[in-house]
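Q: Residue-level listing of the chains:
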Amino acid sequence: MQAAAQATLDFLKLYWAPLLCGVVIVAVLPLIVGYIVLIERKLMADMQARLGPMRVGPHGLLQPIADAVKLLIKEDIIPDDADKLVFWLAPVFSVGAALLAIAGLAFGPAFQIAQDLDIGLLFVVGISALGIFGIVLGGWASNSHYSLMGALRSSAQLVSYETAAGMALVCGLLFAGTLNIKSIVAAQGTQGVWFGFLAPVAFFTYLVASIAETNRAPFDLPEAESELVAGYMTEFSGFRWSLYFLAEYTNMIVVASVATTLFLGGWLRPFAKVGWLNFLDYLPPLLMIGIAGYCALRMPKQPTRVQQVFMLAVAGLCLVVALVLAAPVLLPFVKPSLKEAVAPFYAGIHGGFWFIFKVSVYLYFFMWLRFTIPRYRFDQLMRLGWHFLIPLSIINVLVVGVALIVGSYFNLQGWALLLATTPAAILALVVALAILSIDQKNQVRQEGTAATDFYAG
Amino acid sequence: MGAEELVINMGPQHPSTHGVLRVKLKLDGERVIGSECVIGYLHRGVEKIAENRTYQQFAPYVDRMDYVAAVSNGLGYCEAIEKLLIVEAPPRARVIRTILTELQRIASHLLWLGTHALDIGALTPLFYCFREREEILKILEKYCGARLTTHAFRIGGLQYEAYDTFEKDVERFCKDFESRIVEYETLLTNNRIWIGRTKGVGVLSAEDAIAFGVTGPVLRASGVKWDIRKAMPYAAYDQYKFEIPVGTTGDTYDRYLVRMEEMRQSRLICLQAIESIPPGAIMAKVGKVLKPPPGEVYHAIEAPKGELGYYVVSDGTVQPYRVRIRPPSFINLQAFDRMVRGHLVADVVAIIGTIDIVLGEVDR
Amino acid sequence: MVTRRNAVHSAIFLIATLLATAGIFLQLRAEFIFIVQIILYVGGIMVLFIFVIMLVNLDVALHQIKFARQKWVALIVTLALTAQIGLLFWTTGKMPGQGFPILTAAPVNRLPPNAEAVAKSLFSSYLLPFEIVSVLLLVAMIGAVVMAKKRT
Numbered sequence: 101m102q103a104a105a106q107a108t109l110d111f112l113k114l115y116w117a118p119l120l121c122g123v124v125i126v127a128v129l130p131l132i133v134g135y136i137v138l139i140e141r142k143l144m145a146d147m148q149a150r151l152g153p154m155r156v157g158p159h160g161l162l163q164p165i166a167d168a169v170k171l172l173i174k175e176d177i178i179p180d181d182a183d184k185l186v187f188w189l190a191p192v193f194s195v196g197a198a199l200l201a202i203a204g205l206a207f208g209p210a211f212q213i214a215q216d217l218d219i220g221l222l223f224v225v226g227i228s229a230l231g232i233f234g235i236v237l238g239g240w241a242s243n244s245h246y247s248l249m250g251a252l253r254s255s256a257q258l259v260s261y262e263t264a265a266g267m268a269l270v271c272g273l274l275f276a277g278t279l280n281i282k283s284i285v286a287a288q289g290t291q292g293v294w295f296g297f298l299a300p301v302a303f304f305t306y307l308v309a310s311i312a313e314t315n316r317a318p319f320d321l322p323e324a325e326s327e328l329v330a331g332y333m334t335e336f337s338g339f340r341w342s343l344y345f346l347a348e349y350t351n352m353i354v355v356a357s358v359a360t361t362l363f364l365g366g367w368l369r370p371f372a373k374v375g376w377l378n379f380l381d382y383l384p385p386l387l388m389i390g391i392a393g394y395c396a397l398r399m400p401k402q403p404t405r406v407q408q409v410f411m412l413a414v415a416g417l418c419l420v421v422a423l424v425l426a427a428p429v430l431l432p433f434v435k436p437s438l439k440e441a442v443a444p445f446y447a448g449i450h451g452g453f454w455f456i457f458k459v460s461v462y463l464y465f466f467m468w469l470r471f472t473i474p475r476y477r478f479d480q481l482m483r484l485g486w487h488f489l490i491p492l493s494i495i496n497v498l499v500v501g502v503a504l505i506v507g508s509y510f511n512l513q514g515w516a517l518l519l520a521t522t523p524a525a526i527l528a529l530v531v532a533l534a535i536l537s538i539d540q541k542n543q544v545r546q547e548g549t550a551a552t553d554f555y556a557g
Numbered sequence: 065m066g067a068e069e070l071v072i073n074m075g076p077q078h079p080s081t082h083g084v085l086r087v088k089l090k091l092d093g094e095r096v097i098g099s100e101c102v103i104g105y106l107h108r109g110v111e112k113i114a115e116n117r118t119y120q121q122f123a124p125y126v127d128r129m130d131y132v133a134a135v136s137n138g139l140g141y142c143e144a145i146e147k148l149l150i151v152e153a154p155p156r157a158r159v160i161r162t163i164l165t166e167l168q169r170i171a172s173h174l175l176w177l178g179t180h181a182l183d184i185g186a187l188t189p190l191f192y193c194f195r196e197r198e199e200i201l202k203i204l205e206k207y208c209g210a211r212l213t214t215h216a217f218r219i220g221g222l223q224y225e226a227y228d229t230f231e232k233d234v235e236r237f238c239k240d241f242e243s244r245i246v247e248y249e250t251l252l253t254n255n256r257i258w259i260g261r262t263k264g265v266g267v268l269s270a271e272d273a274i275a276f277g278v279t280g281p282v283l284r285a286s287g288v289k290w291d292i293r294k295a296m297p298y299a300a301y302d303q304y305k306f307e308i309p310v311g312t313t314g315d316t317y318d319r320y321l322v323r324m325e326e327m328r329q330s331r332l333i334c335l336q337a338i339e340s341i342p343p344g345a346i347m348a349k350v351g352k353v354l355k356p357p358p359g360e361v362y363h364a365i366e367a368p369k370g371e372l373g374y375y376v377v378s379d380g381t382v383q384p385y386r387v388r389i390r391p392p393s394f395i396n397l398q399a400f401d402r403m404v405r406g407h408l409v410a411d412v413v414a415i416i417g418t419i420d421i422v423l424g425e426v427d428r
Numbered sequence: 064m065v066t067r068r069n070a071v072h073s074a075i076f077l078i079a080t081l082l083a084t085a086g087i088f089l090q091l092r093a094e095f096i097f098i099v100q101i102i103l104y105v106g107g108i109m110v111l112f113i114f115v116i117m118l119v120n121l122d123v124a125l126h127q128i129k130f131a132r133q134k135w136v137a138l139i140v141t142l143a144l145t146a147q148i149g150l151l152f153w154t155t156g157k158m159p160g161q162g163f164p165i166l167t168a169a170p171v172n173r174l175p176p177n178a179e180a181v182a183k184s185l186f187s188s189y190l191l192p193f194e195i196v197s198v199l200l201l202v203a204m205i206g207a208v209v210m211a212k213k214r215t
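In the order they appear, the protein sequences are chains A, B and C.
Everything in the first sequence is counted per our numbering, starting at 101 for the first residue and increasing by one.
Everything in the second sequence is counted per our numbering, starting at 65 for the first residue and increasing by one.
Everything in the third sequence is counted per our numbering, starting at 64 for the first residue and increasing by one.
Hints were generated in silico from the structure; no laboratory data involved.
Possibly wrong hints are sitting among the right ones.
Between beta-carbon pairs, the in silico distance windows are [what the hints assert, rightly or not]:
{"no.": "1", "chain 1": "A", "residue 1": "Ile165", "chain 2": "B", "residue 2": "Val102", "range": "43 to 53 Å"}
{"no.": "2", "chain 1": "A", "residue 1": "Val156", "chain 2": "C", "residue 2": "Phe152", "range": "49 to 59 Å"}
{"no.": "3", "chain 1": "B", "residue 1": "Asn73", "chain 2": "A", "residue 2": "Ile165", "range": "35 to 45 Å"}
{"no.": "4", "chain 1": "C", "residue 1": "Val208", "chain 2": "B", "residue 2": "Thr313", "range": "46 to 56 Å"}
{"no.": "5", "chain 1": "B", "residue 1": "Gln77", "chain 2": "A", "residue 2": "Leu387", "range": "40 to 50 Å"}
{"no.": "6", "chain 1": "A", "residue 1": "Asp539", "chain 2": "C", "residue 2": "Lys183", "range": "46 to 56 Å"}
{"no.": "7", "chain 1": "A", "residue 1": "Leu423", "chain 2": "C", "residue 2": "Phe152", "range": "26 to 36 Å"}
{"no.": "8", "chain 1": "B", "residue 1": "Glu235", "chain 2": "A", "residue 2": "Ile494", "range": "39 to 49 Å"}
{"no.": "9", "chain 1": "A", "residue 1": "Leu387", "chain 2": "B", "residue 2": "Pro124", "range": "58 to 68 Å"}
{"no.": "10", "chain 1": "B", "residue 1": "Ser243", "chain 2": "A", "residue 2": "Gln402", "range": "23 to 33 Å"}
{"no.": "11", "chain 1": "C", "residue 1": "Phe152", "chain 2": "A", "residue 2": "Glu440", "range": "24 to 34 Å"}
{"no.": "12", "chain 1": "B", "residue 1": "Ser243", "chain 2": "A", "residue 2": "Pro370", "range": "29 to 39 Å"}
{"no.": "13", "chain 1": "C", "residue 1": "Ala207", "chain 2": "A", "residue 2": "Asp539", "range": "43 to 53 Å"}
{"no.": "14", "chain 1": "A", "residue 1": "Ile494", "chain 2": "C", "residue 2": "Thr154", "range": "34 to 44 Å"}
Just a sample of chain A residues kept apart from chain B, beta carbon distances all over 10 Å, derived [unchecked claim]:
{"no.": "15", "residue": "Ile173"}
{"no.": "16", "residue": "Leu430"}
{"no.": "17", "residue": "Gln513"}
Chain A stretches covered by chain C per the calculated footprint, using a threshold of three residues with CB under 8 Å from any CB of chain C [claimed, not checked]:
{"no.": "18", "segment": "148-155"}
{"no.": "19", "segment": "222-234"}
{"no.": "20", "segment": "243-255"}
All C-beta atoms in this analysis are idealised placements derived from N, C-alpha and C, irrespective of residue type, glycine included.
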């Protein structure tokens, strides 16, 4: 008994930081996801010349809470012939896979649940692939022919684009040399250039593939409301549906974080190692002060007293955040002796800011795309994945490998490596587009022969 | 679930059937090999009701057929009865009728564009289109008090004079509208995904179109240059210069282009019309009690959806003997089966949208 | 011991078993094999299993009488095995220098990064088997595509 208690204490002493991160993530993530949904709705409204949720709370800010409460108190409907065990398990699979994938990610130099995992990136990719079971089992458990078809289609889409995404990540890993998340970001720091610039084709491929991985528009045919075959989520209502929703947005955060880590420099400031650009350190606090100023300016124009108070509160909050961001940068000027002590705080806080900023840009792009372009038909979607993205990513790995050898032969470092990799990227694109055009000619010929069979009357 | 024949039922309640339309699709795997439209869910017996109402009493009923473009319905009916009475509406009334009808055509096409794009997955054009449609509905509301089911016209002319700022409002709308059409086209016309979803989908050849009796933009997109506004002009259309857009292949993309161009031409007609609205009376000399001489008349107009025809038989009493309405959507829907065969299930929604049906008109 | 008649339930329990196996690999500090087990076995093969189970109508098997007589033999064998393993743990615990496994942080110099180690040996000492397996996989893929194409 003594030994067991001692062992537990030792365990806690060693792992208190990751455990705390874990608790924070599990507790805070649903709230964050709820507010990401609100941001998406507001963004959608802005692009569609309307206002979005405005009623619940000032400017609709309590809308996620209202939605969460509504979903929790809804009646739990299970179809009659549905398999109860699988019906219960399917959303759990989705959410479990998504949350477990979050565990492998690092949101800052010190904020990671699974610390020192040497296979970090592979862990995230592999675990998020388990989400497919949530979809397939969900469709099957609904005991509806159409739900099952929708689920199988969705999982086929996921599996197809996983290959392209994986090869794109491999290309980025060629530069990084390791799967450890912290080491990947450190490698981008030492090389001085983000891998997104060195491997633009891989970044583009991962971008498109991640949109398909998370079932977002334009690849959201399996879950579109206006399609004939109902999606896998149809029979799930109330809390079960909110679990699927949580899983989808958590997956979005996961792919955005993976892309940020591997291609956009993770938590590094732009031009992290360049000394004369150190003034960029002041950008985060200045940005927050700018937002605070904007809120303060808009305050008098608010229609109701509640909204005015709220605007002031937001401005105050932004000022506090600006202060927190500015402290690690300004303190070394005030007291040079503090420079050593302040360094980890600087890395942690500013790193967190830049990471969240980049993830937000990536997610903004996701949302922007959703509101702008129409949906792909399923066969067009599969054609894009198999006939364009997979050849592109495989060829890209080959040519970038060759470019790296050439680069190391001429001892190109950092930005100079672009000289070798850009021609490689262009070559990969040209070859893949050639393959696509040949395939399109074949497709036209095929569809021409198929269409005439059905006009017999 | 493999490759055997399957019959799927699509609604009456379905987000994409634009009303209560039930479509039974026979599938072979993923391809549609046959279809059957079951209609009648919105049948209200309008033609029978007409036999028990006086001519003026029946006028509001026709608005409820194509409720998206109520003004055109009213125009067709009033002109048909005017033909029966051998009465002509005064020139001022004719011009104002033309302006309102063309505005209504733009509004109808805007609603079509928004919902069609929404079905195919583009979420945003719907809101942009409804923003413009809102302006037109405001004008209609200022004119006759109603936005949707307007009863704007009377037999023999108009009841309401054009309000003070009518010409200014229409002019301002038309001036803004050009840039808006450019907005929609930027989003859709050259978009790869849009082209991929609409080109080659739902092809209707010109011979088939004529054989089925299809009219309106569907007919014109198949390559047949036929518009009643040019062929048998009514209201004030013979006074204005406008083009008839014609397509080449008769697929969904062509229908989209034809309707976009029609919106532009309607705008041109409106601009020409408001420059010179003739002064004068707005109502011809018709009595309070309408008793047309016994006889029959068929009058057709170019409604936004196609040829809307009214066949009215009068037996000399205050109530018509028979009113038969030729609804464009009903006839166009018959070509649905020909258009949908051989396509995938995901295209069915696009094809229903591209015919531009309104169930109120199909079922009456 | 098989307690489920429903094939999908069996598949789910197989997924759980495979995840547990992967967990054992993780506890042995073999991270690479852990994640590869999950990606390939669970994320690939089990997805295939489940697709097949769902696309093939297995209701027929559900209603057949299973071998109910084996239940009791299986139970006795399971109990015997459990007793043996329990005895094993017990005696190991009693031996000096050993004890119940206690989680400690892995010393930094204990095991080299897994993925690199596997990759190094795979691409140097085991290159020929690697290439042979690649060709085998390529043949399998081509065969699958050929068999799946409709006869036009």
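Q: Quick check on a hinted range of 29 to 39 Å for Ser243(B) and Pro370(A), using CB atoms only.
A: Since Ser243(B) and Pro370(A) have Cβ atoms about 37 Å apart, the given range 29 to 39 Å holds.
Q: Between the beta carbons of Gln77(B) and Leu387(A), is the distance compatible with 40 to 50 Å?
A: Since Gln77(B) and Leu387(A) have Cβ atoms about 49 Å apart, the given range 40 to 50 Å holds.
Q: Taking the Cβ atom of Ser243(B) and the Cβ atom of Gln402(A), is their distance within the range 23 to 33 Å?
A: holds (31 Å)
Q: Are at least 3 residues of the segment 222-234 of chain A within less than 8 Å of chain C when you compare beta carbons?
A: holds (count 9)
Q: If you check the beta carbons of Asn73(B) and Ile165(A), does the distance land in 35 to 45 Å?
A: Given range 35 to 45 Å: holds, Cβ gap about 39 Å.
Q: Given the range 39 to 49 Å, decide if the beta-carbon distance of Glu235(B) to Ile494(A) lies inside it.
A: For Ile494(A) against Glu235(B), whose Cβ atoms are near 59 Å apart, the range 39 to 49 Å is violated.
Q: Holds or violated: the 34 to 44 Å window for the beta-carbon distance between Ile494(A) and Thr154(C)?
A: Violated, since Ile494(A) and Thr154(C) (Cβ atoms, about 54 Å apart) do not stay within the stated range.
Q: Just to be sure I understand the hint, the distance between the Cβ atoms of Phe152(C) and Glu440(A) should be within 24 to 34 Å; is that true here?
A: violated (49 Å)
Q: Per the coverage rule (Cβ-Cβ under 8 Å, at least three residues), is the segment 148-155 of chain A covered by chain C?
A: That given contact is violated, which follows from only 0 residues of the segment 148-155 of chain A lying within Cβ reach (below 8 Å) of chain C.
Q: Range hint 58 to 68 Å: satisfied by the CB atoms of Leu387(A) and Pro124(B)?
A: holds (59 Å)
Q: Assuming the hint says 43 to 53 Å, is it satisfied by the Cβ distance from Ala207(C) to Asp539(A) or not?
A: violated (19 Å)
Q: Is the gap between the beta carbons of Asp539(A) and Lys183(C) within 46 to 56 Å?
A: violated (38 Å)
In this structure, the earlier hints numbered 4, 6, 7, 8, 11, 13, 14, 18 are contradicted, and the remaining ones agree with it.
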